[in-house]
Amino acid sequence: SHCPEIVICAVRPEGTMPQIERRTMRPEGTLAAMLTAACFLGASGSTGRVTVDTVGTDLLLDLKVTKGLGARGYPVVRLSVVDDGTAGDYAGFFDYNAPFKHRWTNLSGTGAATGARWLHSTLRNATAGSTTSFHIGQHVVNVRLPAEGAGVTGVMFGDPCTEPGFVGCIHFNSSATDPNATMKMRLPRLVNALTDVDFRAVLGDNLYDTDGGITERFYSQLNAAARAQFQPTVPGNHDFWKDGLPIAKSSHDQFGNGFVQYYGQDVIAAQENSAMPYDLSTDPDHHGALPPASDFFYYHTLGNIGFVGYSGAHTAAESDALFTQACASFNHAPLPTVIYLLGHWSVDGLGCPTGMHTQAVWARISKLPGCDRGTLRFAMGHTHCNRPVDSVGASQSPGSAPPVGYLLGGAGVRGDFMGCNTFGFAYFSTTNAREVVVGFELANPDTDRFDEMVGCFEAHGVKGCLQYGVVWRNTSFSL
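For the sequence shown, position 234 (counting from the first letter as 1) is numbered 1315 according to our numbering, and the numbering increases by one without interruption.
Hints should not be assumed to be uniformly reliable.
Label-pair distances were calculated between CB atoms; the ranges are [unchecked claim]: (1) Tyr1549 x Gln1352: 40 to 48 Å; (2) Asn1513 x Glu1533: 22 to 30 Å; (3) Asn1223 x Ala1482: 37 to 45 Å; (4) Gly1173 x Gly1500: 37 to 45 Å.
These are computed hints drawn from the structure, not numbers from a lab.
Idealized CB from N, CA, C, for every residue including glycine.
Given the sequences, and given the hints that come with them, work out the whole structure.
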């Protein structure tokens, strides 16, 4: 009992990039020195990037952390874990424990031989303005919740792509000779380097995945800090239909069911019964029916930012009452400084009904009480470009009026048919009484600065590397 905790390390190859996983234990005798030496020799002798987790946190949990629905109160967070079900309810930590329903039912998406995919989920209170350690069975998860009303920082990107599929990823100039230049290696490395911020928002078409295998492989490469980051996420057309539009639907499409269960948002569907996080009563095999709009709809605040996330595949008739409820929640002190509407579609069509693309919804709800103070912004994907936009989605040039929206659909997915082939993201800050948005382009077909820029993020955090980006907005809260 007097022996100090040390770490057992296991080198786990991920493509050509080894990772080191750590678990704490209390060894006896000279075992501590032997294991510690082995850990650091293994790290220094390997090639590629090594991701090392903090002591006391286990990388094996496929964890999602999201903010609790606004009606629940600020300190509430939803914690969810996806696994094979053999861990049970993690010593009573979770109150929902069930296999996936309808779609993504098997791990790795390769059949029953790999085992069923299970979802475990619960709501817990975190300490605002501090880091809360949650003991999930034998695992320790550290969640940092900003103080209510405090300035926060985050990143957003949309349409992330890591593996070949219907649309395909861009691997840029060096990928033919450098396997680490592929998006399968680059996107996890980027996300692991962006953990000095409070949230990471993903704006739909999440990895272009039909059966869950691509998603599982991507999230297995994230470090503990990235896994414990707040991740508001919305669905895109490829999260419903593989080919991106309902007229081309097939029995292999996920129809949003895999998305709903995997990404762990705390949605309105769970408002009446938090132990049942989603309404999974709709059978997608009945003419390709979708889960209800309430399975995708959430609103909450994080620090001084309000968030509203929704599905653009559902109609205004299904959604407008939910928007009214969300905006009303932002009419109570402390008022959010900025509200972000998170959507996917930048235009109607491809499964988006009339009036449900992101700019149209923004224009409609900007008149609702709580969203009518001139602080409502929007962010979207779908078009595979990254740029600030005006209220109708047109590009906004530097030096013009501050943008109210951001198109962020260029996270490595092919976009030459849209006039863009780019890999980037945007950084958001509401600290120091200013609203700051900075766009980063890591690579395009002509210029590839990925290693240089991500190396800076890894050393100094994205907040220490803003010189690599382009300022899209820098205004005081009064504007």
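Quiz item: Which hints, by number, does the structure contradict?
Solution: Structure breaks hint 4 only.
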